[in-house]
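A.B. asks: Start from chain A and add chain B according to the hints.
Each chain, written out:
Protein chains: 2
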Amino acid sequence: MTGAIAFKTPKPEILARRDTIISDLGGLLPTDCLIHEARELVPFETDAFLAYTRVPLAVCLPETTEQVARVLAYCHENGIPVVPRGAGTSLSGGAIGQEDAIILGLSRMNRILDIDLPNRAAVVQAGVTNIAISEAVKPEGFFYAPDPSSQLACTIGGNIGMNSGGAHCLKYGVTTNNLMGVKLVLTDGTVIELGGKALDAAGLDLLALVCGSEGQFGIITEATVRLLASPEGARPVLFGFPTSESAGACVTDIIAAGIIPVAIEFMDKPAIEICEAFAKAGYPLDAGALLIIEVEGSEDEMEAMLARIIAIAETHGVMAIRRCQSATEAALIWKGRKSAFGATGRIADYICMDGTVPLSQLSHVLKKTSEITDRYGLRVANVFHAGDGNMHPLILYNINDPEDAARAEEAGAEILKLCVDAGGCLTGEHGVGIEKRDLMRHQYGEADLRQQMAVRAAFDAEWMLNPSKVFPLEGRDD
Amino acid sequence: MTGAIAFKTPKPEILARRDTIISDLGGLLPTDCLIHEARELVPFETDAFLAYTRVPLAVCLPETTEQVARVLAYCHENGIPVVPRGAGTSLSGGAIGQEDAIILGLSRMNRILDIDLPNRAAVVQAGVTNIAISEAVKPEGFFYAPDPSSQLACTIGGNIGMNSGGAHCLKYGVTTNNLMGVKLVLTDGTVIELGGKALDAAGLDLLALVCGSEGQFGIITEATVRLLASPEGARPVLFGFPTSESAGACVTDIIAAGIIPVAIEFMDKPAIEICEAFAKAGYPLDAGALLIIEVEGSEDEMEAMLARIIAIAETHGVMAIRRCQSATEAALIWKGRKSAFGATGRIADYICMDGTVPLSQLSHVLKKTSEITDRYGLRVANVFHAGDGNMHPLILYNINDPEDAARAEEAGAEILKLCVDAGGCLTGEHGVGIEKRDLMRHQYGEADLRQQMAVRAAFDAEWMLNPSKVFPLEGRDD
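Top line first, the protein sequences correspond to chains A and B.
Sequential numbering from 1 applies to the first sequence in my numbering.
Sequential numbering from 1 applies to the second sequence in my numbering.
If chains are identical, the list can't say which one is meant, so a pair holds when it fits in one copy or spans any two.
With a straight-line cut-off of 20 Å between C-alpha atoms, the simulated SDA-like cross-links for lysine to any residue are: (1) Lys138 to Ala256; (2) Lys138 to Ala257; (3) Lys138 to Ile259; (4) Lys171 to Pro118; (5) Lys171 to Glu232; (6) Lys367 to Pro118; (7) Lys171 to Glu301; (8) Lys171 to Ala229; (9) Lys171 to Pro231; (10) Lys171 to Phe143; (11) Lys171 to Ile259; (12) Lys171 to Glu296; (13) Lys171 to Phe142; (14) Lys417 to Glu193; (15) Lys171 to Ser230; (16) Lys171 to Arg226; (17) Lys417 to Gly445.
Calculated directly from the structure, the hints in this document are not laboratory data.
Note that this is a predicted model, so its numbers are computed, not measured.
Isolated chain A, as found in the complex (with noise of 0.2 Å):
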């Protein structure tokens, strides 16, 4: 990669104290805690966005909160910067650190505390995977409705720092409409706790304000979240269409006549290739675009939603409609999409793009974007949660020619800038990072963007928490 984006210039007098700091941090710790060896370090030099890595000063893995304020503590003190980091699943690079910085990783936290059915809410450790909340309350007829396609290794923590999305978040909104509260160590160390099991909270909504702060307003060592009843049935229904732009023009006619399936997933003609070579899910090859429209309910509850939906896709000349069959078709159609980028990694290289449009620019968006990646020769898979408006753009590249992967950088902020000039935004689920962090400029004026650091700073005044992301270097106060 080209790593056109720069992190924060190391401290150098953090840098000569380190063999200090590692010594005070392992008086904070149990033995088995702390991480500072060279090759040890190695799994913790990047996330899931692999064109940066940064080799941090340590690694501290606490097993308590307690343990997380006294870390935190020790560092306010000492002016070392604090990465958080779930399980490192990030698209944006929000959970790389930096070579001053401590990375401070949640996953020993990972027990699911309480279980309160009678409030619908459950109590997790941070360091929980998603899929485990939802597993754990299925016996009783219960989920956790956010499902990240990396919800198998994700953790709830991370979940909350990005405000996650998913497939199903059509219906049931994204990480900040499913979480009631959290227990948060601010940078020196104090524990508040925001929400909690009841509607709402009298003062000001810090909680829905942390959900998605990217790790820079403290760390979050527990959370409360919503349980959902699961629905008596489920059933994903694929679409194929003539062209992306027939699919794109179907899914806004949807929403727009007020029908809100479950999920609306959309592919086009690349994506369905490389999924379908994967998954062998049965996805109809020779379709230009598909459409995975999710319906739930009782029997006559789906057939009823899908009798209109069909009737609108007719109009959009929809080649094939295929319903599955059995349970287990079910879960072929979903692991198809849920392992799309992890399918797409085995072909190339690929950054992912996560710009959100409003649902009348679909179409325009698709038919630009396809011009920009001509334009810089490269290729590109569309698969994406359609109905929310959130596109996810694979820009495929060879990460070892460093000219190919400035091109892809290159088209990916285009493509990000041109989701923002259609009324849209730089990111729909995965987060600013440092990723999008220098195109925030292009999305918010200085007015705007002058207000967020205020808030910012608010919390974390000497900007020691996750320092190098979510907003521009020039222009800060630190």
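C.D. replies: Just chain B, lined up with the frame of chain A:
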């Protein structure tokens, strides 16, 4: 009333410059947009929290965002507090001014600017009434979901300031769940935009933060709100129970079973009598408590959900179940509920509490509430959004009897503390205002409050916006 709640002391230097300030403001606004004569200020002395009155220095009624910005910039330069006001329907005193402050009313900015059905969004000025949005899109089969009982009068700007709810928020969420963007004038007159027509936004979720910030972060002049498709059908059903406890336990069990009707409204015996006398809605006068449960969808969907609800109600000794036979009857049932506060006002003065509790605590809190009001020798009527756990005990008293008023205020405080101690919070949808300001210390520790105030100060360092509200006066930085 006792006047136990203090306002900030008016600044003598502002009072001394009153004439100059009025003359200056006159130069910033069209002639009929400034109110300053004593008798014309009377309607602005209080809001729906009638127990307190304060005559403001002047009232500005700007017609454009530019005029709002001009007035704010002037007040900022001259250290003059500003209290924003929509329709003045606040139940927590959020729109009450003070002697050294300008009231900035948005009532003249009442135009719907854009209805964008493909993107399911409406852009409206802040002074548009809540009901006007739904009425504008009803012919096309859409609606705006949050429905405060005051929806005929209250404005969308005020709804955002208080993060208002309503009967149908059990299914559809409160204001923050239905808000897509705002235009916000900051205290120095800078205009920023938060959110828009696309899902989410890059950077911090300042939109969620501003929603519910009670006018302390800036003046909202425009809002983009989400439109939803109207259901195929909807039907309120009355369930009469022998006691409040049995009705409360039924609500807990419905929600614990994962059933989410559109609305579950609760009335105890005093509330039933008061509302029936006013609305003649056919409420069962022999019941100890009543639930109004609304289901929606197709006939089959409604019947399926009702069957499950009835089965649960039968385990709690339900005495009467009445389905309405016509749209007129349905409207009457809702009229009785939505005019509960007005109907109560016909027989006595009242203060309306707004504590919210985890659903498993409903019966317990209802029982304790009646013990508290018995102890103070006060009458109480309970009419509230039970499905959300959002309780509204109306404490009846005589506003002209200072001792009675003091008792009512004390009993109210005790009830709110009870809600907090049961794992709930001080306010579900009415805001903190002045009413619950001094109780914030019961809900929050020092570190929590300090963090909230730091965020507030990031928007308004001099505490010029709505200064006496939300945060206890002691311990502030201003």
